[in-house]
Amino acid sequence: MSARRTFEDLVAEGAAVPTEGWDFSWFEGRATEARPSWGYARSAARRLAGAEAVLDVQTGGGEVLDFALGRAEPARPVLVAATEGWPPNVAKATALLRPRGAVVVAAPDDAPLPFADEAFDLVLSRHPVRPHWAEIARVLRPRGTYFAQHVGPRSVFELVEYFLGPQPPEVREARDPERERADAEAAGLEVAGLRAERLRMEFRDIAAVVHFLRKVVWMVPGFTVEAYEPRLRALHERIEERGSFVAYSTRHLFDVRKPERAPRA
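Take the sequence shown: its position 165, counted from the start at 1, is 165 in the numbering used here, and no numbers get skipped.
No wet-lab data here; the hints were simulated from the structure. There may be inaccurate statements among the hints.
[To be verified] If you anchor each label on the Cβ, the simulated ranges turn out as follows:
#1 E28 x R4: 19 to 25 angstroms
#2 E52 x V225: 18 to 24 angstroms
#3 E237 x V17: 19 to 25 angstroms
#4 P74 x E237: 25 to 31 angstroms
#5 A192 x E52: 36 to 42 angstroms
#6 G29 x R71: 24 to 30 angstroms
Predicted model only: the values in this text are computed from it and were never measured. Glycine residues also receive a C-beta, built at the ideal position from the N, C-alpha and C atoms.
With the hints as extra help, turn the sequences into a complete structure.
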């Protein structure tokens, strides 16, 4: 029987894993997260098969778009573009998506989209930092679609509040899907579908917690092992005693249309 790994060993391992891209395969056996019932990547692939010009906003390392393009072959769009704001992810997404014929454009997440008006008939996004509805409406063609999976309110807040303490109401209620619906409609878009789910997560060792907080940096801003060592050690002991730390992620799926132009008087 192998010796139980120490807190120091596990923390060092979690701190050493590269964080580029959105490949979460490293977590296998150490953490789990239930997936939304709608299967975003597979659904996106079906949308790609009927599109001509596609934009994937905040593509990360390009993994989801790459999967969807592979499923859409050979009925794939003529034009495929993606944006990404974090330089390591820009490089990773470019290497992954270039063989698919997709162009990756480096663009800050909070900047206007660097494309002409009405350039795309399909805009995709998985877990955007914040949806820029006016920009989405601008680059969509009339009758075009925005199809995206967003992070919902209070996602993984069991972990966030373990480290940061109770969060104020404005933080807890951020990313509310009904508020996002209202913002989309204010930008002139029509929400054809909106679904939301709450999904169980389990962290089975402290290495998984460390890697997760290094990778998903907005959960505990400024997270470092050194700054949170006492809380990490206490959480390690809790996981050792109970077998896991349970949290819940929230996700919602938007299916949004840009209407036809209103007829001129």
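| Which earlier hints can't be squared with this structure? | 2, 4, 5
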